[in-house]
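So the protein lines, in turn, are chains A and B. So in the UniProt record's numbering, spot 423 of the first sequence is number 423, and the numbers just go up one at a time. So in the UniProt record's numbering, spot 454 of the second sequence is number 454, and the numbers just go up one at a time.
Some hints here could point you the wrong way.
Identical chains share a label here; the pair holds if one copy fits it or two copies do between them.
Claimed, not checked - List time: in silico DSBU-like cross-link candidates among lysine-lysine, alpha-carbon distance up to 30 Å: (1) Lys364 to Lys461; (2) Lys392 to Lys13; (3) Lys119 to Lys16; (4) Lys207 to Lys351.
Keep in mind that the hints were calculated from the coordinates and are not lab data. In this text, all values refer to a predicted model and were calculated from it rather than measured experimentally.
Protein chains: 2
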Amino acid sequence: MAPTVTLDTINPKVLKCEYAVRGEIVTLAQRLQQELQSNPGSHSFDEILYCNIGNPQSLGQQPITFFREVLALCDHPAILDRSETQGLFSADAVERARQILDQIPGRATGAYSHSQGIKGLRDTIAAGIQAHDGFPADPNDIFLTDGASPAVHMMMQLLIRSEEDGIFCPIPQYPLYSASIALHGGTLVPYYLDEETGWGLEISELKKQLEAAKSKGIAVRALVVINPGNPTGQVLAEENQRDIVEFCKKEGLVLLADEVYQENVYVPEKTFHSFKKISRSMGYGEEDLCLVSFQSVSKGYHGECGKRGGYMEVTGFNADIREQIYKMASVNLCSNISGQILASLVMSPPKVGDKSYESYRAEKEGILASLERRAKALENAFNNLEGVSCNKAEGAMYLFPRIYLPQKAIKAAEDANITPDTFYCRRLLNATGIVVVPGAGFGQVTGTWHFRCTILPQEDKIPAVISRLTDFHKGFMDEFRD
Amino acid sequence: MAPTVTLDTINPKVLKCEYAVRGEIVTLAQRLQQELQSNPGSHSFDEILYCNIGNPQSLGQQPITFFREVLALCDHPAILDRSETQGLFSADAVERARQILDQIPGRATGAYSHSQGIKGLRDTIAAGIQAHDGFPADPNDIFLTDGASPAVHMMMQLLIRSEEDGIFCPIPQYPLYSASIALHGGTLVPYYLDEETGWGLEISELKKQLEAAKSKGIAVRALVVINPGNPTGQVLAEENQRDIVEFCKKEGLVLLADEVYQENVYVPEKTFHSFKKISRSMGYGEEDLCLVSFQSVSKGYHGECGKRGGYMEVTGFNADIREQIYKMASVNLCSNISGQILASLVMSPPKVGDKSYESYRAEKEGILASLERRAKALENAFNNLEGVSCNKAEGAMYLFPRIYLPQKAIKAAEDANITPDTFYCRRLLNATGIVVVPGAGFGQVTGTWHFRCTILPQEDKIPAVISRLTDFHKGFMDEFRD
């Protein structure tokens, strides 16, 4: 009997969707890992090092103690009044858990919340945004979501009617965007970041691409900016952000600001500014710009990917559209409550004078300082390789080195029917167990080749990673040098 | 300046989507609740009683202690080795937390997992399914999701190409299905449950509606069955389930089995059987039927809605399609880890001899027995009302009484430009603070009127709920009786 469902009879948008950071290289890595488990010594390395995805705790980063204390107490409030709890948990974690429980109707952490998330937690988050930005934030503008991804999907679903609706995305981009645009049947309108100027974003490029899209009959609805950049790691200059805001206002584009790496800035000369802060400081308000900012508990110094917490702050939309967004949120009932609580903690961590403050600060600064050192070490290592150039890691969790591949390697990739960057990454994985993602998955200027590598291996492993990378690369070049 | 985004320029599928259980009646209830808070005594009741949604813990149901102990320990594993922990947590919860942590790569509950969920937890779930069904279950068939809703969306997204693709849904149905079909641009093909026979499902009705759909050029791709029924509360007979399996096999339909209420059966003469068990017991395997079973941690006796845990078991699809489903799961990275852990606990609760077994059993049986009593009491109360008939609550968490509204009330509703059932429910809310959902949101035979009411108010409140309902209904009938 013929199968009921075949590739010919499913939604072609699903077929079109690709998500490279969990694509074929990762599937190969999982197979190698199984081989290592069932047959130790079967490869020249003894572990798979997943540098394909920003997943810090999978590589050994420890969670922030205060956050986890509060989560545990909210999961099992019955122990709050027990004397043993005083010895096990910090006093301010107990107090914070009580405060949070008081904000939850019926103290029920096992109940569906309001579709946008628990009101008291949204109050805390709005206050946190306001403290960061210096401009008001409204808890009614906050939609808590299971990580940032569902929030991005929601906006794509709202805005995209057909393939004649375009969404501006940087190239290179984080493939959630290309995947989501494909799933919702729109058109990704690229704007290329300029590698020569540290992945700079030029307004002239936006204008050029907007015209090109228009000439093809595509109405561009929104502009995605990822700041700090993923996979490119740059932090936008304030001046540049103002130009982007002006451009979106002028062209009537919704500004979709992916700001999930806002805590991940590693260079003293750059500071993160939210697009809301920038637009408000330009005097623009609700009437001037539709702006959505995405934030996640998965990134920052805490890296709580598995908790699936995040939010979007939605401003500038009229009441009718707000109602539609609310309805979309309602269909999925609510995001998970632990993730909601964690989002509130991230936006309101212990403060000077709190019992946990010193340990919190030490954990946070330790992680950020280490990330900075790791970014620098890997950046230097890449720049020391023959035919590789790597821009400065100003922020986020990635490096995106360019590899100038020899013709012989390009030919070998052609023969293997894969892209040259995939060829390189597959070779790297097979030789070293290091998993990186080919640039093709993010988009790159035709004829250039890159890969994305996280800066997340734990610091004591970095020298070994660098030496494995370096040895592999030397061998690769010796094999393929023209 | 004109707003950038208007109702005319958004995705019309979003506009078309409706989700009644968080619709206008709930918005009104939230407003009344705010009024009660800011101005106590402003209404003739002093609390809003949310009977609109199956959200047990919001109405005071307590979580299962063992589950919450394990979750808390997995959130903060640092306390596992502390002596105070022995006094605070049951020994088997500590042991279970250790086992679960051992199943998580790097013991990292803060890391993204495999896109389908943590392998060790899927092993546990598959073993649980196997123990229930008596037929093998494969952990590679399990996709852990943030509650059942995202799993349903994923299947709709996979199957629906255009409005010429139809999905069979029971009428009345849980509005997640109509909402999801609308969002993905398909056509809901109704099959009517027969209220006279306790919301029976007739194969003749399926055949009739399939022909009707075909004659309109609609290709029906899948059949949704909700068992136990939502909003209708019936538990399907085994015989009936076999007919459904046979029908899906014959017509090449994917069987989407919503089995989230599998633990919620309140009558001794009925037993829940999964569709997988039924189809395997008929001798049908992977080659014969595409079958997806949805399960959730939100329902059952535990009712952990806020944890957003759930899974789908996907069988009968070929490898190509499996790969596409995997890719869709990957785009959202993974479901939240606490929800994953909870799903494994629900499918593998304490067993006879475990330290927590007796308290677990007492909590579980206490809740289920109370739900049974509450269902019965509300069912009787509805049947005692003039012009109301209510079928037996065999399972799930709802009653769906039919109200024979007087012409005068129907006329008044017309004047107010709302459906008669909405008119009744709004009146009920304004008079009593009790929130129920008009039948229109679920679908009903034209000219009949119903509402859905959960059986979830805590037991000590049931007499007051009944007397408020009864008094309201008498007054309503006195006002509108023809």
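Just pull the numbers of the violated hints for me, sorted ascending.
Failing hints, ascending: 2, 4.
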